[in-house]
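Top line first, the protein sequences correspond to chains A and B.
Going by our numbering, the residue at position 54 of the first sequence is 559; the numbering climbs one at a time, nothing skipped.
Going by our numbering, the residue at position 229 of the second sequence is 270; the numbering climbs one at a time, nothing skipped.
Hints in this document: simulated from the structure, not taken from any laboratory.
For each residue, glycine too, the CB sits at the ideal point set by N, CA and C.
All the given hints hold, so there is nothing to weed out.
Per label pair, the in silico range of CB-to-CB distance: (1) B:D250 to A:D523: 29 to 37 Å; (2) A:A652 to B:E156: 34 to 42 Å; (3) B:D204 to A:A652: 26 to 34 Å; (4) A:S565 to B:K319: 58 to 66 Å.
Cut-off 25 Å, straight-line C-alpha distance, at most; resulting in silico cross-link-like pairs (SDA-like, lysine to any residue): (5) B:K360 to A:E610; (6) B:K309 to A:L515; (7) A:K636 to A:N536; (8) B:K312 to B:D323; (9) B:K306 to A:Q538; (10) B:K312 to B:D211; (11) A:K585 to A:V606; (12) B:K137 to B:T94; (13) B:K137 to B:M262; (14) B:K363 to A:I517; (15) A:K524 to A:F643; (16) B:K52 to A:D653; (17) A:K641 to A:F578; (18) A:K524 to B:K363; (19) A:K641 to B:N162; (20) B:K360 to A:L515; (21) A:K641 to B:E47; (22) B:K357 to A:E510; (23) A:K641 to A:A652; (24) B:K201 to A:N531; (25) B:K309 to A:D537; (26) B:K252 to A:G618; (27) B:K135 to A:D590; (28) B:K135 to B:G61; (29) B:K363 to A:R603; (30) B:K360 to B:D316; (31) B:K312 to B:I365; (32) A:K641 to B:K52; (33) B:K309 to A:R603; (34) B:K312 to A:P512; (35) B:K137 to A:G651; (36) B:K312 to A:R603; (37) B:K137 to A:G618; (38) B:K363 to B:V320; (39) B:K52 to B:N162; (40) A:K636 to A:N553.
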Amino acid sequence: MVKTENPLLLTIYGNIVDKMLESTSNIEEANDQLRALGQELGSNLYLNTEIADKTKDTISTREDVAKLVEVIFKVLLDKKPSDIDMDSARGSIRVSDRDCVWCQEINIEGMRGFGYCEIFSGILQSILEFKGVEAKVFQELSKATGADACVWTIRLD
Amino acid sequence: MSSDLERALSKLRFDDQVLGYSLMTKMGRPFVSFAFPDDLFPRVKDSINLYKTDLRLMTIDTDKGLVVLSPVDEYWILTVLYVPELQLGLAIAKTKNVLRLLEGIELPPPPDDFEESSESNLQVLETIAIKAASTSAEEAAMSPSVEAPAESTPVETTEKSPDDFLIQSDTIPKRGPNYSGALVLDSDLYNQMKSEHRNFGFDVLMLVDDKSDVAQLADSMFQPTERVTELLKWAASKEIVEVPIAEQVASESGVAKATVAKKGKFVKCPKFIGDQGKVTGDDWTVLGLCNGGQTSETIAEKIGVLHSVVIKTLAKYRKDIKMIGKTL
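Bound-form chain A, shown alone (with noise of 0.2 Å):
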């Protein structure tokens, strides 16, 4: 274990992730908790946060989602995601972080499809939510169960 970022963040959420573990019977539950965690977020997170100030209260466009994206990450993470994908599936935005503060140093085995991060999902569904954006968020990849980044698929209809 080494130097992490946000210690706090990484000791509460871990503790919320294991009791959500506990309580739930498989897989795709738990990654369903944690995204409605994540939704539960959302509002205060848009309340008591720059966001609402630092985006448009519109957003219409694929670009405007992908701002939107940027200013969560540098208001709620203080950083910048790695790489927001807007070509390679049309209807979709994935979003990929290499360093992601979630899940940071966590090592899983034997749980594949589990999202660790799944409550970043509900945070960024919520959020999207309140700028008039109906979208489905949930996770593709995570470092936790071994991928190379998390990333977050934003599906848009």
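Here the structure of chain A is known, so what remains is to put chain B in place on it, guided by the hints.
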């Protein structure tokens, strides 16, 4: 359904060795495509028309790359274009993985009229699926009495149910008495497996070698351990494989288990990855047990010290400790 389909197709989209793909109708019309070269469509369509209902997985070597195409079900064909230098076996394996995911999704038949490779086609499919689901829900509501007799059929006392077995990530399934029977095409067991689990069951059983554990099987198939575990429990109930029975495990550990959890308890196990030579004797009493397979609480119990002593030792060597999260 469309998000499941999107997820299945995204396995191809994010694979560096995939140049493009197309989900096509059984007539060879592209429905949902991604970067699939237009000039390859006629060739694919020719192959599809050549074999018609006899179409199986086939490969076509083209100057643009290796094309692998396979029927998904009676309505759909998946076609993938891989980089030319990819080994044939790997291309086939990758395609089969996606086919397995697609098999788990109830794809409705394509509409009669659609724009080829249009972006909105996924949504079109979703609409058809929703309409089909609401029609079948009405039919199901009209015949509830049919369900009751089936459920009350008594289970044979000699046959165990899948829930009687306890399978975890490190369980090693062994081949059972009915193993070879299940692999014989058109045997009763094979047909039963095919109707309940399609080809997935066969693929898992082929990998059971009495040495690999569930996590290794799942990893080699790029499938979730839950899906493999579910199949193995079914196979165990038919004596195709042998795995620990829940009651046996309970009595060994001395803990009564009223129900078998679908996944084990999630815990974090410390693993020492540093140089043993730099560890003092006392500290090694703790670190020597840090193999990534037991929790710090278990280690404390084993050596008869307080949990805080173990934590203090781990903290001292924190740079050489990795915490592995797993389900036990």
